[in-house]
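Engineer: Read off the chains here:
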Amino acid sequence: MPRTRSRASWGTAVADRYVLAVDQGTTSTRSLVFDRGGRMVAVRQREHRQHFPRPGWVEHDPMEIWANTQRTCAQVLADVSGRGDVVALGIANQRETTVVWERATGRPVTRALVWQDTRTDELVSELAARPDAGVVAERSGMAIAGYFAGPRLRWILDHVPRARQRAERGELLFGTMETWLIWNLTGGPDGGVHVTDVTNASRTLLMDVRTCCWDEGLLAFFGIPAAMLPEIRPSVGVLGVATALSPALPIAGALGDQQAALFGQACFAPGEAKCTYGTGSFLLQNTGTELVRTRSGSISTVAYQLAGEPVHYALEGSVAVAGALVQWLRDGLGLIGSAPEVETLARTVTDNGGCYVVPAFSGLLAPHWRGEARGLVAGLTSYVTKGHLARAVLEATGWQTRDVVQAMAADSGLSLPALRVDGGMTTNNLLMQFVADALDTPVVRPMVGETVSLGAAYAAGLAVGVWSDVEALRRNWHRAAQWSPSPARAEALTAEYPTWERAVQLSIAWGAP
Amino acid sequence: MSHSADTATNPSDGLASGAVPGSVQSIERAAAILQVVAGSGGTLGVTDISQAVGLAKTTTHSLLRTLLLVGFVEQDPATGRYALGAGLLRLGTHLDVNELRARASNWTDALAARSGHAVRLATLVGEEVVVVHHVFRPDDSVQVLEVGDVLPPTTALGKVLRAYSHPHTGHRPAAGAAVSAAELAEVRVRGWATEQGEYEAGLGGLAAPVRGAGGLVVAALGVSGPRSSLLDARGLPRSPLLAMVTDAAHAVSRELGHGGG
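So the protein lines, in turn, are chains B and E. With numbering that gives the first Met the number 0 as the guide, the letters of the first sequence map in order to residues 0 to 512. With numbering that gives the first Met the number 0 as the guide, the letters of the second sequence map in order to residues 0 to 260.
Just so you know, not all the hints are guaranteed correct.
[Claimed, not checked] Distance ranges between label pairs, derived from CB positions: (1) ASP138(E) <-> GLY370(B): 45 to 53 Å; (2) HIS50(B) <-> GLY40(E): 41 to 49 Å; (3) GLU199(E) <-> GLY370(B): 50 to 58 Å; (4) GLN142(E) <-> THR117(B): 28 to 36 Å; (5) PRO441(B) <-> ARG64(E): 25 to 33 Å; (6) ARG329(B) <-> VAL149(E): 52 to 60 Å; (7) SER27(B) <-> ALA30(E): 22 to 30 Å; (8) GLY270(B) <-> ASP138(E): 23 to 31 Å; (9) THR493(B) <-> VAL149(E): 28 to 36 Å.
Quick caveat, the hints were computed from the structure, so don't treat them as lab data. All residues carry an ideal CB built from backbone N, CA and C; glycine is no exception.
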């Protein structure tokens, strides 16, 4: 058994160039190093504390996240030292999470309001009822919802003492997580660069989605002082130099995490789409450089922008509950010991036995947008076993993917050549085959499952010339698995689909006051 | 029925040579002993146990020796007293194949990306070598997912599973005459197996064992591809590849809670 592993034994070129990526996520901060082949060579991770000060409130400590970023970056850079040159840093971040801090000290005025936080629901209802509320959807491309960052910023200005005055005087700065980290990495109070990337800016409701500039009308509508806003920059391009790292690296890419996954999955052509199956599921489809006006329940968002090039747009369909339903089967019902065992249980039967589960635990997001909906199990008879229930749980995620894909097809008119998938649930072969059959579309999994951090690395590496163009990135994408639809199953599921839609309507009716 | 005790005293000749397996009575007796040992909390020696179950001390001793061999009881070397063994606990913590795939997938993907070959993870289901996880060769050619397929025992994966399957507590893949006892012994000594076209002409394979928390081999992990790209002219694995496969198998073993390297 050879004990020494020389560099040559891994087939690595001597003068290899690496890219560092930071994936600042909801539960943890991860730093990863990728090689030119898009292969991960090192990873470090550190979780941060979730603060729940009141029901529906979710907060993170920005100082803790900054410390974790410094620490994991230093660790991972040490891991690869001597093996090659790390030449750039890219950042992907949890979207819509909102930080406000003091320009002079770098001290946050309050903990970050996390994207899952629902404290702005009332504020959002008031704002949406205003006669001039139409300006929001018209200019930002998205309807007013508590999901986005703008209302959270407004809440901080309304509730933190003297925040509005201080913001107007330019003493406070606003940012989503990438803005906070870039400002700190580039010097913080000593000359930190205050910038945001266009994908993150598009999630604030404050940006004109066509010009990609802060919109005066939207700032007035939400009551946000322009002085506290970061400069909007392309996702791919040098943003500043991370002097807080050793060696100092150019920060050359930043994207919201779902957009980063789209980039990491090399979805660069209109129609190409990816779905990340985690706690929820997030499907994004590239729609090219023309903005698609949505009517069917998907939302238009910025996909990415290369410096000096037009913005690329995407349609997005977010589903709140996917893997979370399997966790409920495990933790809430105790029917399985671990999440992967859901497949074992589901395979004890050959169909759902007439059973449907609609996991509207806290309403339904895309394409229904019905916050009042509540979950239900429909079609129970004494024939139904826990095996059928497990199958219905997996099918719910497949059906919800079909809901979203249908809405996007109606909005964009683009066909879906194949669905690229990532996330923990892609090891579930029963689910992936069901998705392929339900969509009548091949489902493909890439070799590198870390698509979020890979996308951030790609953005940064592209900006500094590690890769020549997006075609070089496309050549790095390799298929690790493919699930092809069975024509007979696809036909049967199309016939069954109205039954699922009926269950969804029941869940909406059940939650209605 | 006295034959049952003889079978128990010499188990290594028993199942392996195709002799009559233990009778129902010997199972009943072993079960009675396990119940007594479980109830005693590790305080009884062979004399106490033989009295408790009403058997001759020699018979009881023979049965205890077999239970010791398969790991169902343990004996305190200082006092000679018996307690329940770790092998019994492992019976209750069966490794789910879907769990195995989920835990292994990061390492199998990395192995395929680095080696440039297709990767398979296989385990024994009954007597069969079944593919649990399959990662395509990273060249984007047309390939079909083989999860659930049954492989012949002459594959590198089959040889690893056969070499390490326990003659008493584990299953064993259907005997393939093509795999000699000498080759299986060699696989156990060096910790990996090759396949040199036995399964399909021109196809080579290289596989290593994956161990579970208790140390038993629970799966085999390997690469397959053109024989010449995996193996040299003498049929030995090319060295970077061998390190990649054994490192990946060790990594999955650690992921499953196996302490050793």
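Engineer: State for each hint whether it applies.
Structural biologist: Consistency of the hints with the structure:
1. ASP138(E) <-> GLY370(B): 45 to 53 Å: Holds - the Cβ-Cβ distance for ASP138(E) and GLY370(B), about 47 Å, lies within 45 to 53 Å.
2. HIS50(B) <-> GLY40(E): 41 to 49 Å: 46 Å, holds
3. GLU199(E) <-> GLY370(B): 50 to 58 Å: 57 Å, holds
4. GLN142(E) <-> THR117(B): 28 to 36 Å: 45 Å, violated
5. PRO441(B) <-> ARG64(E): 25 to 33 Å: Given a distance of about 57 Å, which is not inside 25 to 33 Å, the answer is violated.
6. ARG329(B) <-> VAL149(E): 52 to 60 Å: Cβ of ARG329(B) to Cβ of VAL149(E): about 30 Å, so the range 52 to 60 Å is violated.
7. SER27(B) <-> ALA30(E): 22 to 30 Å: This hint is violated: roughly 48 Å between Cβ atoms.
8. GLY270(B) <-> ASP138(E): 23 to 31 Å: The hinted range 23 to 31 Å holds for GLY270(B) and ASP138(E), with Cβ atoms some 24 Å apart.
9. THR493(B) <-> VAL149(E): 28 to 36 Å: Since THR493(B) and VAL149(E) have Cβ atoms about 32 Å apart, the given range 28 to 36 Å holds.
Violated hints, listed in ascending order, are 4, 5, 6 and 7; each of the other numbered hints is respected by the structure.
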